[in-house]
Amino acid sequence: MNNHKKVTMLSLHHYCSERRVDFHYVADSFRKKGWEVIFVTTPLSPFSILSGDHRWKYIKISDLNKPIKIQENLIQYSYAPLYSPLSLTGNKLIDTISPLFFKLFQSRIPTNLKELIIDSDLFFQESNSGIILYDYLKKNYPDAKFVYRADDALETLHPHKKIIEYERKITPLVDLITVPSSSLYQRFRNGNVVLLHHGIKKELFSKENLKPLVYDNYQKNFVFIGIAHVDQSFLKTAGEEFPKYGFHVIGPLSLNEMPKNVISYGELPHLDTIPYLVHADVGLHILRTSVGLDTYSDSLKVIQYTWCKLPIIAPDGIPSNRKHFIRYSYDDKKSICDAVEKAAAFERDTIDTSDVRDWDEFTDVILNEVSL
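The numbers in our numbering rise by one with no breaks, and the one at position 86 of the sequence shown is 86.
Keep in mind that the hints are not guaranteed to be accurate.
[Stated by the list, open to error] Distance condition first, Cα-Cα at most 20 Å in a straight line; then the derived SDA-like pairs of lysine to any residue:
1) 66 with 92
2) 162 with 152
3) 138 with 108
4) 260 with 213
5) 6 with 260
6) 5 with 104
7) 60 with 74
8) 309 with 266
9) 211 with 185
10) 139 with 168
11) 33 with 138
[Unchecked claim] What follows is a list of derived Cβ distance ranges for each label pair:
12) 289 with 16: 22 to 30 Å
13) 168 with 32: 28 to 36 Å
14) 342 with 32: 37 to 45 Å
15) 48 with 291: 49 to 57 Å
16) 161 with 213: 47 to 55 Å
17) 269 with 240: 28 to 36 Å
18) 32 with 189: 13 to 21 Å
19) 204 with 143: 31 to 39 Å
20) 61 with 136: 24 to 32 Å
21) 109 with 70: 15 to 23 Å
22) 353 with 269: 33 to 41 Å
23) 289 with 172: 54 to 62 Å
24) 33 with 62: 15 to 23 Å
25) 48 with 204: 29 to 37 Å
Think of the hints as simulated: they come from the structure by calculation, not from any bench. Just so it is clear, CB atoms sit at the ideal spot from N, CA and C, and this is done for glycine as well.
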């Protein structure tokens, strides 16, 4: 086990967040392998506290721009300069002057952060506006490897168009790009790109998970887990047409009036969501968005559903070769009902889980690709 290497991970998320994403699990995997992990939350505007940004549940004002030791070999750094890059606001003046702050964000790195990351062997960047730090990092730490984990098309995060242009400029230069879907693979084909599906923490799914009591009220249970883009038309139609089935929605979502068998739980800690997955009959991947729908073919949710051997209902616009995907068309009652019936009758034992990695295997692929 290598005890001398350091990875700096740059993510929108805070390490202590209850919204667990791939970066959290990869950080844990690096630590298991003996690496020191610097987990940098960025971009983080101090003004975002006014908009109800959920990350402030885990961040104290006094902790901003300071290294905070979370565990052995794990330091959290919440990088929050006043000149963080902004998303598009729709305000012509703000959107025009916003790029003027990018140079400040790229160059005025706090001294304590510079000292913290100075001997990093690897920079692991999430797909967000923080990608504009690449030039600074490559110039000042030329011996470190730089991996860009493009989980999402940047457009889905609504960054300034200058950031999207910057991404296109630098991605052919980074040491490695990893993507979870074929659609994103095509987007980055002019760089050193590898198709790498998300991993899962398999032991969480294999331990005893008690069946949610509410599941006993229904013949079949369908589950949706996510933070945005749920197709409410599907839920309303399916709930009305199949009153003996339960449709369970987990995430910080505001639903319209729904039938009583469409149950919204709000946001739950990740560990609390697992019993709903393990004991479900069908996974719902019912996303509705006009931007980047084709990039969601192999999201973390899809990998989790697959590991649990759940047939997956998804709209026509999400491509997949997975045989347990069942399609429907937006606002089409017949296709929605057909999809529900097919999913409920699906032979779950036929679902192939052989390509599902755990997070340690995921991390090994990255390290092998960059020879670390």
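Hint check:
1. 66 with 92: violated, 34 Å
2. 162 with 152: holds, 17 Å
3. 138 with 108: holds, 15 Å
4. 260 with 213: This hinted pair holds, its Cα atoms lying about 16 Å apart.
5. 6 with 260: violated, 51 Å
6. 5 with 104: violated, 29 Å
7. 60 with 74: Holds - the C-alpha atoms of residue 74 and residue 60 are around 18 Å apart, at most 20 Å.
8. 309 with 266: violated, 24 Å
9. 211 with 185: Violated. Residue 211 to residue 185 sits at ~38 Å, over the 20 Å cutoff.
10. 139 with 168: holds, 18 Å
11. 33 with 138: violated, 25 Å
12. 289 with 16: 22 to 30 Å: The hinted range 22 to 30 Å holds for residue 289 and residue 16, with Cβ atoms some 28 Å apart.
13. 168 with 32: 28 to 36 Å: With a Cβ separation near 35 Å, residue 168 and residue 32 satisfy 28 to 36 Å, so the hint holds.
14. 342 with 32: 37 to 45 Å: With a Cβ separation near 40 Å, residue 342 and residue 32 satisfy 37 to 45 Å, so the hint holds.
15. 48 with 291: 49 to 57 Å: Once the Cβ atoms are compared, 21 Å apart, the range 49 to 57 Å for residue 291 and residue 48 is violated.
16. 161 with 213: 47 to 55 Å: holds, 49 Å
17. 269 with 240: 28 to 36 Å: holds, 31 Å
18. 32 with 189: 13 to 21 Å: violated, 32 Å
19. 204 with 143: 31 to 39 Å: With a Cβ separation near 36 Å, residue 204 and residue 143 satisfy 31 to 39 Å, so the hint holds.
20. 61 with 136: 24 to 32 Å: Once the Cβ atoms are compared, 26 Å apart, the range 24 to 32 Å for residue 136 and residue 61 holds.
21. 109 with 70: 15 to 23 Å: Roughly 21 Å apart at Cβ, these two residues keep to the hinted range, so it holds.
22. 353 with 269: 33 to 41 Å: The hinted range 33 to 41 Å is violated for residue 353 and residue 269, with Cβ atoms some 25 Å apart.
23. 289 with 172: 54 to 62 Å: At roughly 28 Å between Cβ atoms, residue 172 and residue 289 fall outside 54 to 62 Å, so the hint is violated.
24. 33 with 62: 15 to 23 Å: This hint is violated: roughly 32 Å between Cβ atoms.
25. 48 with 204: 29 to 37 Å: Taking Cβ atoms as reference, residue 48 and residue 204 lie about 30 Å apart, which means the hint holds.
Checked against the numbered hints given earlier, this structure breaks hints 1, 5, 6, 8, 9, 11, 15, 18, 22, 23 and 24; the rest are met.
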